[in-house]
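Spelled out, the chains give:
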Amino acid sequence: MFEELKKTLSKISADYADIRYERMSENYIAYSGRELVTLSSNDTDGFVIRVLKGGGLASVAFTKPEEAEAAIRIALENAVLFAQKSRKPVRFAEVRPARDEFRPQLSEDPEKVSLEEKMALLKNYNDIPLSAPQVVNTNIGYAEVKRSKYFVSNEGSEIREDLITVSIRGQITAREGNLIQNIRVAIGGSDGFGSLRRQEDHFEKQTKLVCDLLKAKPVKSGVYRCIVNPDLAGVFAHEAFGHFSEADIVETLPAMREKMKLGAKLGSDILNIIDDATIPNQLGFYRYDDEGVAVRPTPLIKNGVLVGRLHSRRTAAEFGEPLSGHCVAEDYRYAPIVRMGTIFIQPGDRDLQTLLGLLGDGLYLLDAKGGQTAGENFTFGANYGYEVKNGRPGEMIRDINITGNLYQTLLDIEAVGDDLELSRAGGCGKGQTNIRSCHGGPHVLINNLVIGGI
Amino acid sequence: MEKLLEMAGRAADQAEVYYRDSVSDSAVFQDAKLHDIETNLLSGVSLRIIKDGKLGFAYSRNLKDRQGLIDNALNSLKGGVEANYDFPKAAQLPELATYEPSVKELSGEELVRQAEKVCQEIAKNTRAEIMAVSFTERQRTGIMNTRGLRVEFQSSVAGVYGSAIYPGSGSGISRMEQGKAMRDMSDELLKELVDLYNAGEKAVDIKGGRMKVLFMPNSMIALLWRLQSGLSGRSLYDKISPVADKLGQRIFHEKLTIVDDPLNDSYPGARACDDEGVPCQRRVFIEKGVLQSFFYDLKYAGKLGAAPTGHGYRSGQWGDDPVTTKPGPALRHGFIQPGNKSFQELVAMMDRGLIIEGALGAHSGNIPNGDYSIGVSPGLYVEDGRIVGRAKNVMVAGNIYETLKNVVDLGNRLYPAFGGFWVPPLLFQDVSVAAR
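One line per chain: the protein sequences are G and L, in this order.
The numbers in the working numbering rise by one with no breaks, and the one at position 203 of the first sequence is 203.
The numbers in the working numbering rise by one with no breaks, and the one at position 331 of the second sequence is 331.
Don't read these hints as lab results, they were simulated from the structure.
Just so you know, these numbers come straight off a predicted model, no measurement behind them.
Glycine included, each C-beta is placed from N, C-alpha and C at the ideal position.
Keep in mind that a hint or two might mislead.
Unchecked claim - Chain G residues, not near chain L, derived (Cβ > 10 angstroms throughout):
(1) Met1
(2) Tyr16
(3) Glu67
(4) Ala98
(5) Leu106
(6) Pro297
(7) Asp349
(8) Met396
(9) Gly404
(10) Gly452
Stated by the list, open to error - Just a sample of chain L residues kept apart from chain G, beta carbon distances all over 12 angstroms, derived:
(11) Gln14
(12) Ala91
(13) Pro101
(14) Thr141
(15) Phe153
(16) Gln178
(17) Phe285
(18) Ser342
(19) Glu345
(20) Asp351
(21) Tyr401
Claimed, not checked - Stretches of chain G that chain L covers, calculated by requiring three or more beta carbons in the stretch to come under 8 angstroms of a beta carbon on chain L:
(22) 28 to 37
(23) 44 to 53
(24) 71 to 84
(25) 171 to 180
(26) 221 to 227
(27) 244 to 255
(28) 359 to 372
Here chain L stands alone, though its shape is the one from the complex:
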């Protein structure tokens, strides 16, 4: 790698090498039976160079042909992709505990046992069709550049996911336990999964209208995707952020505080720097409903004359391969601060409403505008503070810049959600629900 960097540095004004080796294992149970065991050993190296203010980019799976890789990067300069920034210099970074060696030692038997156990627990307590997945992933990632930056870190993530599926419908209630090392799905999480499944066993037809809606972590993607779009430096540059001129103003309900905390290594995926080597820091985006900050990578910070915030990540919305993806601005360690209501207390606050356990079509629609219009799969219907059954053929629609003003209350527990966020359940009022 040092040699590649040295060669690339000679061919250009600045060079950056990003490399990554990952090993992932998964065991999948379908219909409560072992269905697949898969392993993926994926390596790669990615090169960015800056020459005369232009950016070159290339990648490969190996170092067999360093010169070929550099030539590809030099060729890509031809188009004139602008690079109005420098790669960052070395900085003092905190040591984070991101790797648990036990993940490497985890046997195939143990991986299978974890998913099997979740299947058994769900089977004992429901009449559901059952799916479960257990997985581990460990990575070694390095970033180095000709301005002296050298960063290398290992990380691990492991988890087990269980889903109780309503027979004939193909959709169900799912929960995931996730950490830096493998641990059993907690009894509390299993009980929540089973209780929700059983409460929604009966399918009911409902009348549409405006009502309370409880977004659960599995459906939060519909809101978080649009929030990311609104806060991204890229949207500012493209002039499509509806909150571009709202810094310091209250844009959401005062119960909402949203923080990005990449240094918190009690959660998997903590980072001392982003994929460009820019140091990460804890940063408040929404404080009691007031917009405090946007996020930038090197490129958009450079374009907008802002300071990079350590949000340059090599992944798109669909978890693209970091080696083949150029960095772009992304929020990867977001936390919506929890409230103090238990799930039961939130349900009790709903006179009439819908608990959304899954959102369909969250990736389509007018995302920059903040509009969402999602199929609900599944959604549990609540009347007088009690879940009466599972609502069928329902769509929920709105705009996050309205919905997030209509917060009723927040749950007291954090769950993993879309894009590396950790979120509590969020109860809103006055949301439009269409039903057949």
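This is chain G alone, in the form it adopts within the complex:
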């Protein structure tokens, strides 16, 4: 494959050019209630060409090999047009070309597990909630996605890497009278099929929770002091701050870029956040991004101070900051953009009991259900929570949605727990979907959270 790609690349006369070819295998199985609704196994493939010429950058994605010449012509035309129209030439940060072939260590190769066994495992987990009388429906699916990537640049990079992601995830819906409640289930990872085995506990726990939610009371809207659990802390790190550590977002927002200069004090003294996709056996793991840059651990906040940023080659040159290896595409249909890999709040030294004591009266919120960022504001939901009085969790609450502000909420972090959990299934949407987007943290005590209620 490399030879064919190099041949295509040799037809491009530009300052820089790269081509990425990917074969993607997707296996999906899904149940809705007791009914199997999806079973599919497919292979697709495609190419992305990027061209940098005279300071103009353009990318073309295509799926038919015979369209390569047309794609090259369009890319060159658009790069020239870009150079004419733009006031500032695009530059790429220098990188040492890599020649490497990397396949991840798997606990168990999902390709070697039979379809029958995958279906049986999924059915086993799906049957757990369905045995509860209050549960009216489940939508739970198995997904196995393998990206086999070939990357070649005219600087001499030649990289072959496989990314294999498996998950079993979905939603359980329970109903009592007119009240409908649902809860998410998610297991999985990037290190093989083993991450899906022996996870009955998770489905049992979520089933009990969704039934309990039918008896919970809706949270009253207002402003609260809250402890968030590791899953929520992770979404918080991702939504409240993470997107603004993506250099392509702040690059073209001059006022935010000024506020987000390295050295800016953004959080309280006890806050430390890092993106480290190099940690093995976790969802966000990879070795090279889709520009052929090796990913590296990137401290983002140290003692409340902004110390780093996630970069592409383009943004690293623009900011004059070190490369981080975070320019990633969903698949062969897209040119890469800056993405978080594995972002988390680093643990501190307080155990949960101590945090609850510090909280006194407030809310204890658990498990994320969806979050979103627009500019300085972010919103995310919690699956469930408890009212806390005198440091003791009491009545269960439901329908919890939280909003906050980038510049205020990080400063409102009062205490950080001593535990750490990373997420096992992801799905960050930033124009493209990143199913390996991983986040996490310890329990965290935060002041002044605005809760919407219903």
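Could you slot chain L onto chain G? The hints should help.
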């Protein structure tokens, strides 16, 4: 394609081939400077087969290996996914004008010029940070099955989007001009964008409470997503639609009429049939607040013993690739009938309230129940009928089956919104607002 269908037809009781070629171009301006030019040439073919009442499904990017594609579909029969329906026979379909050849001829220069012009207009009239995108997309789509159906159509969509961003906040006021062919963003739309931006330039702290709320098209996703869930045949089958037994009853305010009009080809994306080949028709869902209909694809119509309504589309909520996505029930051509109030008149009707220009977290929460709880980004605060500034740290929450009863009035202009809907601004009263 005919050969693939013929081979698949021999291997199964019924077969359907769906194919699509699309070309899309976009130019993106960030901070009022050209930032990206991207082109995407995406092709694909998708096969569904029915054999012994079971469904097989497979897809590929090309026809290099027809037998491999058929084998994948046959393999997927193994699971026993039920198919209690037949693919539709050929029907007489109206000719719709869905394609403007000018989109194909549009030069890269013209694409760039469109977005550049929007940047210049916003820059002239505001101190905003500016983002603009211009785009074109053209598609050829075909659906054919072994029961004799042969449909092929071309479609085009083009547009330009501008956003005026409040410096330091990263959120702003945006508008989009969209049609079958590229056209300049209208002066009226640009003026609306600029005026709203300027009215919200000052950040203000507000007190929470129950107040009037004006949902603008950009935030309507919070309501429309839940409405789609409630009216979908799938929700009926899953027993999670709160209005399953309310057909013929008034569920919303009488000022609300909601129609699905796929045949209206003055708007982009008009369709004579859905992605399964079932003929489309104009259909009223809510008439003066009264629930009139649900929508179905082949599968859920079959399960519920209802007639398919032509709402089987190959896309999920996030605009998934139609080639790799199985059809499911979706409303794609919804129109909320406009009222007769100008935007200014709606604002004048607000003693105290919030104009929601963007909703955060509309995709989370208890969607089947109709609950929403959204961050407002941005939201403009109104007192005594005047916009006083931009409210910060605010959440708006409610349940659509309550909120849509509390309509005060509707705007007189339609805008594109989530999921192919066209909607006017909607003013509600007595909505819960939480503020820091």
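Hint by hint, here is what the structure shows:
The beta carbon of G:Met1 is kept farther than 10 angstroms from every beta carbon of chain L, the shortest such distance being approximately 15 angstroms. With a least CB separation of 16 angstroms from chain L, G:Tyr16 remains clear of the 10 angstroms interface cut-off, as annotated. For G:Glu67, the requirement that its beta carbon stay farther than 10 angstroms from each beta carbon of chain L is not met, with the minimum near 6 angstroms. G:Ala98, annotated as away from the interface, keeps every beta carbon of chain L farther than 10 angstroms; the closest lies near 25 angstroms.
Interface exclusion of G:Leu106 from chain L stands, the closest Cβ pair being 23 angstroms apart, more than 10 angstroms. Every C-beta of chain L lies more than 10 angstroms from that of G:Pro297, the closest at about 27 angstroms, which supports listing it as non-interface. Every C-beta of chain L lies more than 10 angstroms from that of G:Asp349, the closest at about 29 angstroms, which supports listing it as non-interface. No beta-carbon of chain L comes within 10 angstroms of the beta-carbon of G:Met396; the shortest separation is about 15 angstroms.
Listed as a non-interface residue, G:Gly404 fails to keep its Cβ farther than 10 angstroms from every Cβ of chain L; the least gap is roughly 7 angstroms. The beta carbon of G:Gly452 is not kept farther than 10 angstroms from every beta carbon of chain L, the shortest such distance being approximately 3 angstroms. Every CB of chain G is more than 12 angstroms from the CB of L:Gln14 (nearest about 18 angstroms), matching its label as outside the interface. Every CB of chain G is more than 12 angstroms from the CB of L:Ala91 (nearest about 27 angstroms), matching its label as outside the interface.
The claim that L:Pro101 is not at the interface with chain G holds, since no C-beta of that chain comes within 12 angstroms of its own (minimum 19 angstroms). Once the 12 angstroms rule is applied to beta carbons, L:Thr141 is consistent with being away from chain G; the minimum gap is 16 angstroms. Listed as outside the interface, L:Phe153 is consistent with that label: its C-beta sits roughly 21 angstroms from the nearest C-beta of chain G, beyond the 12 angstroms cut-off. For L:Gln178, the condition that its CB be more than 12 angstroms from all CB atoms of chain G holds, with the nearest at approximately 18 angstroms.
No Cβ of chain G approaches the Cβ of L:Phe285 within 12 angstroms, the least distance being about 21 angstroms, so the stated non-interface status holds. No Cβ of chain G approaches the Cβ of L:Ser342 within 12 angstroms, the least distance being about 27 angstroms, so the stated non-interface status holds. At roughly 28 angstroms, the least C-beta separation between L:Glu345 and chain G is larger than 12 angstroms, which holds for a residue marked as non-interface. Annotated as non-interface, L:Asp351 keeps its C-beta farther than 12 angstroms from every C-beta of chain G; the closest such distance is 21 angstroms.
For L:Tyr401, the non-interface assignment is contradicted: its Cβ lies about 10 angstroms from the closest Cβ of chain G, within the 12 angstroms cut-off. Proximity of the stretch 28 to 37 of chain G to chain L, defined as three or more residues with a beta carbon under 8 angstroms from a beta carbon of that chain, is established by the 6 residues found. Three residues within the 8 angstroms Cβ limit are the bar, and the stretch 44 to 53 of chain G against chain L gives 3, so the coverage statement holds. Counting residues of the stretch 71 to 84 of chain G whose CB falls under 8 angstroms from any CB of chain L gives 8; the rule of at least 3 is met.
Requiring three or more residues with a Cβ within less than 8 angstroms of a Cβ of chain L, the coverage given for the stretch 171 to 180 of chain G holds, as 5 such residues are present. Counting residues of the stretch 221 to 227 of chain G whose beta carbon lies closer than 8 angstroms to any beta carbon of chain L gives 3, which meets the minimum of three for the stated coverage. Only residues whose C-beta sits within less than 8 angstroms of a C-beta in chain L count toward coverage, and the stretch 244 to 255 of chain G has 7 of them, enough to reach three; the restraint holds. Taking a C-beta to C-beta cut-off of 8 angstroms, the stretch 359 to 372 of chain G contributes 4 residues in contact with chain L, enough for the three needed, and the coverage statement holds.
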